[in-house]
Each structure stands twice: as C-alpha cells, then as structure tokens.
Amino acid sequence: MGNFLFELKEGLLISLRAIRANKIRSILTTLGIVIGIAAVVLMSTAVTGIDQSFQKGVSSLGSDNLYIDKWAWFNNDIPWWQMRNRRNLNMEEYERFKDLVKLPVAVAPSIWTNQTIKKGETSIEFMMVTGTTNEYLRTTNLNFNQGRFFNEIESKGARSVVVLGSEINKQLFPFGSAVGEEIELKGNKFKVVGVLEEQGSFVMGSFNPDNQVFVPIDAVFKFFQNESFRSITINVRAPNSQLVEDVKQEAIGAMRQVRGLKYYEADDFSINQQEGLLSEINKTIGVIQIAGFVITGLSLFVGAIGIMNIMFVSVKERTKEIGIRKAIGAKRRTILSQFLAESAIICLIGGVMGFFVAFLGTRIIEQYDFPVSLQYDAVVLAFVVSLLTGLISGFAPAYSAAKMDPVEALRYE
Amino acid sequence: MNLISIEHIAKIYDVGSEEVHALRDVSLTIEKNEYVAIMGPSGSGKSTLMNILGCLDTPSKGSYIFNGISVGDMDDNDLAKIRNKEIGFVFQTFNLLPRSDALHNVELPLIYAGMNSYERKERAREALAKVGLSDRVTHKPNELSGGQRQRVAIARALVTSPSIILADEPTGNLDTKTGEDIMALFSELHSTGNTIILVTHEEYIAEHAARIIRIRDGMIERDEYVEKRIIPSSNNHSLQ
Ligand SMILES: Nc1ncnc2c1ncn2[C@@H]1O[C@H](COP(=O)(O)OP(=O)(O)O)[C@@H](O)[C@H]1O
Ligand SMILES: [Mg+2]
Numbered sequence: 000m001g002n003f004l005f006e007l008k009e010g011l012l013i014s015l016r017a018i019r020a021n022k023i024r025s026i027l028t029t030l031g032i033v034i035g036i037a038a039v040v041l042m043s044t045a046v047t048g049i050d051q052s053f054q055k056g057v058s059s060l061g062s063d064n065l066y067i068d069k070w071a072w073f074n075n076d077i078p079w080w081q082m083r084n085r086r087n088l089n090m091e092e093y094e095r096f097k098d099l100v101k102l103p104v105a106v107a108p109s110i111w112t113n114q115t116i117k118k119g120e121t122s123i124e125f126m127m128v129t130g131t132t133n134e135y136l137r138t139t140n141l142n143f144n145q146g147r148f149f150n151e152i153e154s155k156g157a158r159s160v161v162v163l164g165s166e167i168n169k170q171l172f173p174f175g176s177a178v179g180e181e182i183e184l185k186g187n188k189f190k191v192v193g194v195l196e197e198q199g200s201f202v203m204g205s206f207n208p209d210n211q212v213f214v215p216i217d218a219v220f221k222f223f224q225n226e227s228f229r230s231i232t233i234n235v236r237a238p239n240s241q242l243v244e245d246v247k248q249e250a251i252g253a254m255r256q257v258r259g260l261k262y263y264e265a266d267d268f269s270i271n272q273q274e275g276l277l278s279e280i281n282k283t284i285g286v287i288q289i290a291g292f293v294i295t296g297l298s299l300f301v302g303a304i305g306i307m308n309i310m311f312v313s314v315k316e317r318t319k320e321i322g323i324r325k326a327i328g329a330k331r332r333t334i335l336s337q338f339l340a341e342s343a344i345i346c347l348i349g350g351v352m353g354f355f356v357a358f359l360g361t362r363i364i365e366q367y368d369f370p371v372s373l374q375y376d377a378v379v380l381a382f383v384v385s386l387l388t389g390l391i392s393g394f395a396p397a398y399s400a401a402k403m404d405p406v407e408a409l410r411y412e
Numbered sequence: 000m001n002l003i004s005i006e007h008i009a010k011i012y013d014v015g016s017e018e019v020h021a022l023r024d025v026s027l028t029i030e031k032n033e034y035v036a037i038m039g040p041s042g043s044g045k046s047t048l049m050n051i052l053g054c055l056d057t058p059s060k061g062s063y064i065f066n067g068i069s070v071g072d073m074d075d076n077d078l079a080k081i082r083n084k085e086i087g088f089v090f091q092t093f094n095l096l097p098r099s100d101a102l103h104n105v106e107l108p109l110i111y112a113g114m115n116s117y118e119r120k121e122r123a124r125e126a127l128a129k130v131g132l133s134d135r136v137t138h139k140p141n142e143l144s145g146g147q148r149q150r151v152a153i154a155r156a157l158v159t160s161p162s163i164i165l166a167d168e169p170t171g172n173l174d175t176k177t178g179e180d181i182m183a184l185f186s187e188l189h190s191t192g193n194t195i196i197l198v199t200h201e202e203y204i205a206e207h208a209a210r211i212i213r214i215r216d217g218m219i220e221r222d223e224y225v226e227k228r229i230i231p232s233s234n235n236h237s238l239q
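In order, the protein sequences belong to chains Y and W. Take 0 as the starting number for the first sequence in numbering that gives the first Met the number 0 and just add one per residue. Take 0 as the starting number for the second sequence in numbering that gives the first Met the number 0 and just add one per residue.
Bear in mind the hints are in silico, worked out from the structure with no lab data behind them. What you are looking at is a predicted structure, and each value in this text was computed from that prediction instead of being measured. A virtual CB, placed ideally from N, CA and C, is assigned to each residue, including glycine. Fair warning: there could be bad hints in the mix.
[As the list claims (entries may be wrong)] Partner residues aside, some chain W positions facing chain Y, computed with beta carbon under 8 Å: (1) Tyr-63; (2) Asp-72; (3) Met-73; (4) Arg-82; (5) Asn-83; (6) Asn-94; (7) Leu-107; (8) Pro-108; (9) Tyr-111; (10) Arg-155; (11) Arg-228.
Sequences and hints are given; from them, build the entire structure.
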C-alpha cells in the first residue's frame, strides 16, 4: 500500500513535469475537456433549476387541492371525444355542490378568459383573467404584496374590481402603488383592490399567478362571455393532505348527486389533482434530463477522444523516453500509472476550468430569468466525471506505453 | 560463484520471410570485478548480447544464470527489478531524459527503487560528484557537452550500486580526447570494485579492459586476457 502511494505520488510528479514540458499541447487538449465539463455542469444546473421551478409552480397549486373539471388533465382511460360530449359545469351546479359537501375548507368556482388589459398607454394582450369568488383565496396559498382580495359583496355584486399578479403589476405600474387605481379590461374600467406577492415560477407561463389578474366570476359573465359559453372549474381544498382522499370521495358522491347520475352511469366529470400534474412533469423532466445528458455527454465524448488522441501522440513521441525508463527499472505498471496520471491531471485541470466556466455561465443565464441552480453536487459531478474521463481515455495509450518492448523503444528515433 | 553464466544462447529475429541470427550459440562466464570488452565489427551481435546480459531482452534459446538466479524463469516485473537494482546501463547516445536536469536523471533509478526523496537526492549528488559533475547538478542535457552527458549517464548507472555496469559503445559519439576521459573514468570505477562490460568495435578502446571477447556473426571468435592493458594516467576529475 505504502509502495502504491509512493508510486502514485512519483507518477503524479513525473506527469506534472511532462505536462509542464508540453504546455501548449496540454492547454489545447484541456480545452476539449473544459467545454465538455462546462456543458455537463451547465446542463445539470439547468435541469435542476427547471425541475425546482416546476415543483415550485406545481406546489403553488397546493397538494391539498382538488379541481373538478369537465376535462381530465391527464387521462389515458377516457377518450377525448367522450369528455368533449360531457355537459359543461355551471354556476348553479357549483352552488348545489357547495351545499352538499361538508369536508372541504373552501370551495370556489373559477373560469379563464384571455383579455387585453390597459393602463394609459401600456397594454398587454391575451392576458389571462381568472374569474372566481371571494372564496378562492382560501383554496390557494397566495399572499398579498398590497391590498386584499375582493370580498363577498364585490364578488356577489359582480363589481368591477381586480387583483393583479405581480408581473402584470410591474408592467402596468412600474412606479408607485396600484391599489385604488383603475385599469381597463376589454374597454371596461376595473378598480385595483390588491396586488399578489411574486410566485416566481418560470415554467407555468400564463398559468403562473404572476401573469394573471383575478376578477369576480360574475363580472366575467357580465363583461366578457356568456355564462354557458365555457365550463367552470370547481376548486376544492381539503383541510390537510391526509384528508384529500376522503374529500375526493365525498366530492365524487356530491357531483354524481348534482348531476343526477344513476348507479350504472359513469362519472361525467373529472377530479384533478396536483399529483397527476407532478407525475406528468417528472416524466417531462426525465426526458429533458436524458436528452441533455446525451447531448452534453457527446461533447464530453469528443473531448475524451481528443485526450486519447493526444495521449497516443504523446506516447509515440516519448517512445525513447519509455525505453530509457524501462532500461533503468520502470515496471509496466509504473509506466501505466505515469501516463494515466498524466491524462487524469489534464482532465482534472480541464474539469476545474470547465466548472468555473459553468459557474460564470449560470451567473449570466440567471440574468435572463432562466432558472438555474448550481448545487454543491455539481462540484462532485465535475470532479468525478473529469477524473473518469481522464482515466478511461488515457487507459489505451497508457497501456500501449506500458507494454512496449524496451529494446525496440530504445532504438526508436 | 560466477556473476554471469550463459550457455548456448541464440537470438533469432523474424524479419518477414527470413530469419536473422543475431546470436548463434554463445556461452560465457564473467566473474565479479572483471573488466570485459566485447569486441566485434558492426552487426556482429554485440548489442544483442549486451541487451540479453542486461535483462532488457530475452534469448530465443539457451540459459542465463545471473547471480545464481535463472533469468529465463523471470517475469517482466522481476526483470525490471533486476535492471533497476543490479544493472547500470551506459549507451552510445547517452539516453538521458532531455527535459530533466542532471540531478533528476540520476535520481530516476532510485525513484523506481522506491527510495525517499531526501535520500535519493543525496545519493544522486554523490554519484554526480564521483563522475566530477558536482557543479552541473541543475543543468539539462542540452546545456552539457557530450562528455558531460555521458558522465551523467554513468552517474545514473552507478547510483544504485549495481552488480554490473554495461556500456554499449560509450565513446562512440565522443571525440578521441573526451573518449579517453570517459575510458579513464571506467578504469577508475573498475579499480574501486565495479564489474564492467564494455561493448566496442575499436581495438584501442577494448584494450582498456582486462579481457576481450571477440565475436563475429553472432559467435564467439576468441576470448582472451589482455597482455598490455592501457591504464589511463590522468585524474579525470580535472578534465571536463
Ligand atoms: N529488432 C531487430 N530485428 C531484426 N534484426 C535485428 C534486430 N536487432 C538486431 N538485428 C540484427 O541482428 C544483427 C546484430 O545486431 P546488433 O546486435 O545490433 O549488432 P552490433 O551491436 O554488433 O552492431 C544485425 O544483423 C542486426 O541487423
Ligand atoms: Mg551495437
């Protein structure tokens, strides 16, 4: 063991000498690895970032929530056309449902419509407007930056009041407070009563509360679209996650009663949950991950081929040196470890540099609001991957050096 | 006991269709503290014989007993160990590591022997002093003259205190004067107890040895003691 450590140390020293002696070549060779490692690390930080962002976005829905909908969000059992033929959910059904269920903390209807929002010269097109009731707040985890949600009177009275998502607020009211100000939705004046806290979820797009505004659901029917035009969604919040299943069973029973379904008739509605979304998202992330690692793995592979190539050249060029070393007593494994150490060191240097490139890269990407997350395990990843690359790509050249015949090696000019 | 004993050694190279018999049936013994010259024209098999004696190469036929141990039974690792501890090579073209200074070149065999850094540097300095290069320790080969390079190579051969020093045409790349200095160094090393085998094609160089083995076409032609050895007079330390 002591002998092995000694040989390792001497092997490292000898390879450091060789690397220093061939600076330019070593630098060029390292470049391939730098790029490869930087790509791998960047990819892993991006995937981690996207994943975290997705999880955050989904958990903002709340794990205790159920969404009763005409459509199943993720469904492989019920054919699409069958769901299309279902009756729309309407407000009357919501009211009856609400009276039937006892377990939920809160029940709120919601409907979505895309409208243009205007404040002075600024306007945003195709912005998502969520129509709901005052109950909605209790079905979510949303917090307020300024003001409040609309109250029961405003909700029931279909008043022209609006709650802004943080991003919308930023665009319409870059300076000063929005509460009390008026904005225009499809030509109708709405008074801002509150601004939500930033959710900061990159992946939810227009579904992100940051990019939405909230108005009383009856105001949606009054100003934007006919009540029967689209199906509403009923948001149901369970008291805690243990009770979600009970709440779900109760909700199914209540909905069947509302719909007057016979025992042999199938449900003509769907109960959606965050879980389904999560598993779907995890599948997507998995695909991104695999694709990412295949692509970055390829660039690393190219780097590794470069190392192997240069190590073969190096071995060939130093044939005489290998002969000399063998003549004065270097064993096969000594030569092998010398060249392995050399390629490992080149790759490790490349790994360290690649890591710093990736580190700078994440700093730059962060500026563009793309989610990246450089974790401590990225350091380990860079270290392990570059070491392995060095050992694997260096092995064949090192082995060819180790098994050289000393007499022939000495004759080499 | 003989230091070296070879019997019916042959070395055959396969060169495509034909076979080259570099050595055919060579037998000889060499004792401790001998100074032997292997003489012969170019292509006669001298280097081949020396490589076999130095455990760099293995014979196609025959047996080789070194220090009482059969070399034919050794594996690659054992051969490397023997080369490291028991044999010191000196080559015609010096064969130093070009990018390493004299000290590192000389300490290299000690690295392979597993000696710690302090001790081996000490020993390498001693060896360099023995060949008169104390003031050239940090010089690289391209900063040294031919004669000085060969001295570094000799120091490297000496540093492990080997049983035998094998020199293949050590003066072949040197001018006459420098060659004589190197021969003086070998004579001195011999007089201080080293065993030396010297390969040369020059009669004058061979006559520095106590015994000359003449080979031709891979066979020993004659093996005799030198009547009038050349004993160099100079103290080589002053000549550099
Ligand atoms: N690797 C080899 N392959 C083929 N022939 C060789 C090889 N090495 C040496 N020989 C041949 O063996 C003979 C002896 O070579 P060598 O021992 O180098 O002679 P010397 O050192 O006496 O000049 C020569 O004819 C040479 O061509
Ligand atoms: Mg020769």
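Q. Hint by hint, which ones does this structure get wrong, listed from lowest number up?
A. The structure conflicts with hints 1, 2, 3, 11, although it agrees with all the remaining ones.
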